[in-house]
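Residue-level listing of the chains:
Protein chains: 2
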Amino acid sequence: MTPKLDHIDTPALLLDARKLEHNCRRMRSIVHGHGVALRPHVKTAKSAEVAQVALDAPTGAITVSTLREAEYFFDHGFRDILYAVGMAPGKLRRVVDLIKRGAQVSAIVDSVEAASALARAVASSGVRIPTLIEIDSDGHRAGVQPEDARLFAIAEALGGSLQGVMTHAGDSYNCEGPEGIRAVAERERSATVRAATRLRDAGHSCDVVSVGSTPTATFAESLEGVTEVRTGVYVFQDLVMAGLGVCAVEDIALSVLGTVIGHQHEKGWIITDAGWMALSRDRGTARQKVDQGYGVVCGLEGEPIPGLIVSEANQEHGIIARRDGGAVDLARFPIGSRVRVLPNHACATAAQHGEYNVLREGQPVEVWERFNGW
Amino acid sequence: MTPKLDHIDTPALLLDARKLEHNCRRMRSIVHGHGVALRPHVKTAKSAEVAQVALDAPTGAITVSTLREAEYFFDHGFRDILYAVGMAPGKLRRVVDLIKRGAQVSAIVDSVEAASALARAVASSGVRIPTLIEIDSDGHRAGVQPEDARLFAIAEALGGSLQGVMTHAGDSYNCEGPEGIRAVAERERSATVRAATRLRDAGHSCDVVSVGSTPTATFAESLEGVTEVRTGVYVFQDLVMAGLGVCAVEDIALSVLGTVIGHQHEKGWIITDAGWMALSRDRGTARQKVDQGYGVVCGLEGEPIPGLIVSEANQEHGIIARRDGGAVDLARFPIGSRVRVLPNHACATAAQHGEYNVLREGQPVEVWERFNGW
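So the protein sequences, as listed, match chains A and B.
If you read the first sequence in the numbering used here, its first letter stands for residue 11, the second for the next number, and so on.
If you read the second sequence in the numbering used here, its first letter stands for residue 11, the second for the next number, and so on.
By construction, these hints were calculated from the structure, which means they are not laboratory data.
On a predicted model such as this, the values are computed, not experimentally measured, just so you know.
Every residue gets a Cβ at the ideal spot worked out from N, C-alpha and C, and that includes glycine.
Treat the hints with care, as some may be off.
As the list claims (entries may be wrong) - From the derived model, a few chain A residues whose C-beta atoms are all more than 10 Å from chain B:
{"hint": "1", "residue": "87"}
{"hint": "2", "residue": "121"}
{"hint": "3", "residue": "132"}
{"hint": "4", "residue": "135"}
{"hint": "5", "residue": "180"}
{"hint": "6", "residue": "196"}
{"hint": "7", "residue": "197"}
{"hint": "8", "residue": "200"}
{"hint": "9", "residue": "235"}
{"hint": "10", "residue": "301"}
{"hint": "11", "residue": "335"}
{"hint": "12", "residue": "370"}
{"hint": "13", "residue": "376"}
Unchecked claim - Okay, derived cross-link-like pairs now, DSBU-like style, lysine-lysine, Cα gap no bigger than 30 Å in a straight line:
{"hint": "14", "chain 1": "A", "residue 1": "299", "chain 2": "B", "residue 2": "277"}
{"hint": "15", "chain 1": "B", "residue 1": "299", "chain 2": "A", "residue 2": "110"}
{"hint": "16", "chain 1": "B", "residue 1": "277", "chain 2": "B", "residue 2": "299"}
{"hint": "17", "chain 1": "A", "residue 1": "277", "chain 2": "A", "residue 2": "299"}
{"hint": "18", "chain 1": "A", "residue 1": "277", "chain 2": "B", "residue 2": "299"}
{"hint": "19", "chain 1": "B", "residue 1": "299", "chain 2": "A", "residue 2": "299"}
{"hint": "20", "chain 1": "A", "residue 1": "14", "chain 2": "B", "residue 2": "110"}
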C-alpha cells in the first residue's frame with residue numbers, strides 16, 4: 011500500500027519503526043552475544059522514544075554527548091548516564107546538580123588538569139562523580155595512550171572517582187570494509203584492556219572497560235575484558251554505514267521526505283524542497299568507494315530509485331541527478347510529487363529536524379519529538 | 011576589555027552587534043546607491059531582531075526561504091514577503107492563509123505546471139498571489155532561460171498573478187574574486203532584464219525585476235532595469251565571503267564560543283566542545299584558495315590567532331590544529347579556556363543554534379532567539 015504521506019508538510023523526517031526495531035534487536039543480539047552490556051549512545055536520535063526501542067525497556071543505561079541530553083533523559087526517567095565527551099571544568103556544576111537530583115552520571119577525562127578540576131568539584135560538593143579515563147586507541151581524536159605514564163597521574167588525580175577506562179574507535183569510519191574494521195575493533199579492545207590491566211596492576215580499581223562505535227561493535231571478533239559497548243548510529247543506520255558494509259541500504263530507518271518543486275530541463279535535473287537544511291551538509295560518503303552525494307533518492311515506499319542521488323544541495327533546494335550524468339526521466343517526477351532521501355549520516359540529518367514522523371507498515375502513525383542544543 | 015563570556019554555556023553562538031550593523035549599513039548603502047530597493051533574505055538569521063537591523067526599521071520588505079519564516083515574520087509585523095523557493099502546489103494553502111490574514115506574499119514559479127496549480131488556487135480561493143517567474147541566469151539550479159519560449163507559456167498560465175521576474179546568481183559563490191563576480195552580476199542583471207523586456211514586449215506586465223546574492227550585490231557595476239536586490243549572508247558575512255573578497259575577515263559578525271576540553275599531546279592538537287553540531291558540516295572554503303577547515307580560531311575578543319583552524323570536527327568535538335601541520339602551543343590554551351571560531355558559512359552555522367548571544371563592546375548584552383523548521 012502506498013504510504014499516505016500527503017498531509018505531512020515537506021521537507022520532513024520519516025522514521026520507519028520496523029527498521030528501527032530490527033536494527034536495535036540486531037545490535038542487542040550482537041553485543042549480548044559477547045556477554046557484554048550495551049549502553050546506547052542517544053546523541054543520534056535525541057528522543058526518549060527511540061532510546062526505549064534501543065533498550066527494549068522504558069529506561070536503562072545510556073551514553074550522552076551533551077549535558078542537555080543528560081538533563082532531558084534524566085527528566086524522562088533515565089538514571090544511568092555516561093557523559094562521553096571530555097569533562098570541561100565549567101560544566102561540572104551541571105553534572106553535580108544532576109547527581110544531587112538522583113542521577114548516576116559518569117564523566118570522562120584524559121588529562122591531569124581535567125581530573126584535578128573534577129576532584130576539586132567532588133571535594134567541594136560532596137558528591138562522587140564516577141569517572142572513566144579516555145584512552146586513545148587509534149590516534150583519531152582525544153585520549154591518553156595505554157602505555158603513557160600520564161595514565162597513572164590521571165588516576166591519582168581522580169582518586170576515589172576513578173571508575174574505569176573508555177575509548178571511541180572513530181577510525182573505524184575510515185575503513186574500507188569489515189576486515190579493516192575488525193582490526194580497528196581489536197585495537198580498541200586491546201588498548202582499553204591494556205590500560206585497565208596497567209591501572210589494576212598499579213593498585214587502582216577499574217570496574218568499567220567501555221568501548222564503542224557502530225562499525226567496531228558490529229564486527230568485533232572478541233570483546234574479552236570489555237564490560238560495555240557504546241553505539242549510536244546503528245539505531246537508524248545510514249549510507250556511510252552501508253558503504254562500510256555495516257548494514258544494507260534496506261536497513262536505513264531514516265529518510266527525508268521532499269516535494270518536487272521544479273525541473274531543470276537543460277540538465278535533466280529534478281529540484282526538490284529538501285536542501286541541506288533538511289539533509290545536512292554531511293558528505294560522509296565522499297571518501298567512500300561510492301559517493302552518494304547528499305543522499306540516495308527513493309520512492310514513497312522507501313525503495314531506492316536506481317541511479318538517482320541528490321547531487322547538490324542549497325539551503326532549501328535539493329538537486330536530484332543521475333549518478334552517471336545522464337538526464338533524469340522528468341515525466342516520472344511531476345511537480346508536486348514526492349520522494350524520500352536516505353541520509354549519508356543519520357546523526358547529522360536528524361539534527362536538522364525537530365521531530366520524527368514515525369511510519370509503521372509504511373503509514374505515518376505517530377510523531378516523536380527530538381531536540382538539539384547544549 | 012576582555013569579554014565576560016564565562017557565564018555562557020558552551021558551545022554557543024555569538025553575534026557582534028557592531029559588525030552586524032556595519033554590514034547592514036554597507037549593503038543598504040551599496041544597493042540604494044544604485045537607486046534600487048533592498049529586500050533582505052531573512053533565511054540566514056531567522057530572527058526578527060536581525061531583520062530589523064538589516065532594514066534599519068521595525069519592519070519592511072523581506073525575502074524568505076520557508077513558509078515557517080513567512081509565518082513567523084508575519085507574526086512579528088512584517089507584511090511584504092517574497093517566498094523565494096519554487097512554489098509547490100501542496101504549499102499554496104499556507105500562502106493563501108497568510109494572504110487572507112493580511113500578508114502580501116509573493117511566490118515564484120519556473121514551470122507551466124506550478125503556474126497552473128497557482129492559478130487554480132487563486133481562482134478557488136479568490137485571493138491574488140503576486141508571482142515572479144524564476145529566471146535561470148547561470149545554469150546553477152532552477153529557473154527558465156530568458157530566451158526560452160516557456161517564459162510566455164508560464165506568463166499565460168499565471169494570468170493576472172504575474173508580477174515580474176527574479177533570479178539567484180548562485181554561481182557567484184564559485185568565483186575566484188571580484189572580477190569573476192562582476193561578470194556573474196552582469197549576467198544576472200542582463201538575463202532578468204532581458205526576460206522582463208520580452209514579457210513586456212509580448213504585452214505582459216512585469217513590475218518587479220528582482221536579483222540577488224551577497225557577492226553580486228556587492229560588486230555589481232550596473233543594476234539598470236533591476237527593481238530590487240535580495241541578499242542574505244551579508245548581515246553576518248563569513249569565511250566563504252571573505253575568501254571571495256566580498257568582506258574582510260574582521261567583518262564577520264558571527265562566531266562560535268567553545269571550551270578547550272583536551273590536548274592531544276602526540277599531535278599537538280587542541281580538542282574543544284565545538285564540533286560540527288555547533289559549527290555545522292559546511293566546508294564551503296574547501297573549494298577556495300585558502301581552505302579554512304571548519305573555521306578560523308580566534309581569541310576571546312574575536313581576533314584570529316595566526317595559523318590556527320578547526321581542522322576536523324566530530325559531533326561534539328572540534329580539533330584545532332595549525333594550518334601548517336606544526337604543533338599548537340598547548341600551554342596557551344589550558345583545559346577550560348575558551349576560543350571563538352569564525353564560520354565557513356554563516357547560514358549553516360547559525361542553523362545549528364537556537365539563539366544568538368549578542369555582544370556589544372565585546373560584552374554579552376542580550377539574547378535573540380532564532381528558529382528552524384518548515
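Results for each hint:
Separation of residue 87(A) from chain B is adequate, the least Cβ-Cβ distance of about 23 Å exceeding the 10 Å criterion. For residue 121(A), the shortest C-beta to C-beta distance to chain B comes to about 6 Å, within the 10 Å cut-off, and the non-interface label is violated. Annotated as non-interface, residue 132(A) keeps its C-beta farther than 10 Å from every C-beta of chain B; the closest such distance is 16 Å. Listed as a non-interface residue, residue 135(A) keeps its Cβ farther than 10 Å from every Cβ of chain B; the least gap is roughly 17 Å.
The claim that residue 180(A) is not at the interface with chain B is violated, since a C-beta of that chain comes within 10 Å of its own (minimum 7 Å). The Cβ of residue 196(A) sits about 21 Å from the closest Cβ of chain B, beyond the 10 Å cut-off, so the non-interface label holds. Annotated as non-interface, residue 197(A) keeps its C-beta farther than 10 Å from every C-beta of chain B; the closest such distance is 15 Å. Chain B leaves residue 200(A) outside its interface by the beta-carbon criterion, the shortest separation being 18 Å against a cut-off of 10 Å.
Once the 10 Å rule is applied to beta carbons, residue 235(A) is consistent with being away from chain B; the minimum gap is 24 Å. For residue 301(A), the non-interface assignment is confirmed: its Cβ lies about 14 Å from the closest Cβ of chain B, beyond the 10 Å cut-off. The claim that residue 335(A) is not at the interface with chain B holds, since no C-beta of that chain comes within 10 Å of its own (minimum 15 Å). For residue 370(A), the non-interface assignment is confirmed: its Cβ lies about 23 Å from the closest Cβ of chain B, beyond the 10 Å cut-off.
Under the 10 Å C-beta cut-off, the non-interface status given to residue 376(A) relative to chain B holds; the minimum distance is some 18 Å. Proximity of residue 299(A) to residue 277(B) is assessed by CA-CA distance (about 28 Å); at most 30 Å being required, the pair is judged to hold. Restraint check for residue 299(B) and residue 110(A): the C-alpha separation of about 52 Å exceeds 30 Å, so the hint is violated. Between residue 277(B) and residue 299(B) the CA atoms are separated by roughly 25 Å; this keeps the pair inside 30 Å, and the hint holds.
Taking the CA atoms of residue 277(A) and residue 299(A), the gap is about 25 Å. The hint holds against a cut of 30 Å. A C-alpha spacing of about 28 Å is found between residue 277(A) and residue 299(B), which places the hinted pair at or below 30 Å, so the restraint holds. With a C-alpha separation of about 27 Å, the suggested pairing of residue 299(B) with residue 299(A) holds against the 30 Å cut-off. In summary, the hint linking residue 14(A) to residue 110(B) is supported, as the alpha carbons are separated by about 29 Å, within the 30 Å threshold.
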